[in-house]
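Engineer: For reference, the chains in residue letters:
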Amino acid sequence: MMNHLSQDQLSMWILGRYTAEELRHGRECPLCRAELARFEAPVLAFRSAMRDWSDGESAPRIEEVSKLLRRPQSIFTTSWSWVAVGLAMILLATVPIYKQQALMQRLATGSEILPLPVIDAAADANADAMLMDEVSAHLSRTIPSSMERILVLIPTQEDAVHSGGTK
Amino acid sequence: MTSALIPASLDNPVTEIQDFDRVVQFYWARILRFILASVNDRDVAETLTQDCFWNAYRGRKSFRGDSTLHTWLMRIAINSVRKHLRNRRLQFWRQVQHSAVPPEVIGAWLPDQRISPEGAALVQEQLCAVWSATADLSERQRTVFLLRFMEEMNILEIAGATGLTEGAVNVHLFRAVRAVRKQLGKKQ
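Chains as they are written, first to last, in numbering that gives the first Met the number 0: chain D, 0 to 166; chain H, 0 to 187.
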């Protein structure tokens, strides 16, 4: 005799998916039979109760259904909220276009003149000159600026004459 | 109306759909109980059932008989439930479950009121356990579980009603059964 059905095998058994051996075991083994009944009995009770209850409910005629469904609806239903969202998006998209067009129209008619940017020619020329001085100073250096202090310590030819050194 | 008074199925759904009042009479109970078990709210279930039949009535000309009328109506019902649950998620700030079905009320729907008090108590306990176990399932698992075990639809019919493949139905069904068994095991 095979081992007891596993939990998954029991679930499959309930769904009618079993081998011949599993079918036989599920029918003959009292433990597995009890395990299956633990599912089948409540589900059967549930089905019977739901059917008995629903069969007792009277079905209306289709005209009555249509009348029942014509009930007052709240103003802000889901569909209306989507319409509102759509309108808001259209508004957001069209306002900048409208503003741009209005501005272009005013410019074309000359009713609105945009202020021209002020250019200070003297200040610009001064800045250019300063920049050129900096570049020239950099290029005219014989050694890098960081070594200029060390250069002071090295005696020049003139210093050697004053100190009475050899010619 | 009792199930004994109505036939098991309508013969030719394409011609039968023209008599829509008969369709409503025939399928009202099935759609109502499926929606009630899906949304757990009596008022919402009744409104969604009305919506479902009204939508079916308006779209009846598009029904070509590719599936059974039951599957077609169930598909409309599933879409209504899905739409309702999605809206409820979006409107989470609202108190929507005004008429949620309490477990003790479900116990009053016992199929046979002549059973002993002990037996009734046991069945009521079982009913409540299944009710709360299905409520804990995901929307898709609950749908396939209810269609299989409450409506006794086969895998092909469930696939037709839900728009899922047969493989996907089997997977959801297996997970649903496993979850419900686990829940029932805890209660016992």
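Worth flagging that the hints you see were computed from the coordinates, not collected in a lab. Among the hints, erroneous ones may be present.
Short derived list, chain H residues pointing at chain D, Cβ under 10 Å [claimed, not checked]: (1) W27; (2) Q49; (3) P116; (4) R147.
By construction, the Cβ of each residue, glycine as well, lies at the ideal position given by its N, Cα and C atoms.
Engineer: All the hints need checking, so say for each whether the structure fits it.
Structural biologist: How the hints compare with the structure:
1. W27: 3 Å, holds
2. Q49: 5 Å, holds
3. P116: With Cβ-Cβ at 16 Å, over 10 Å, it is violated.
4. R147: 8 Å, holds
The structure fails hint 3 only (numbered hints given earlier).
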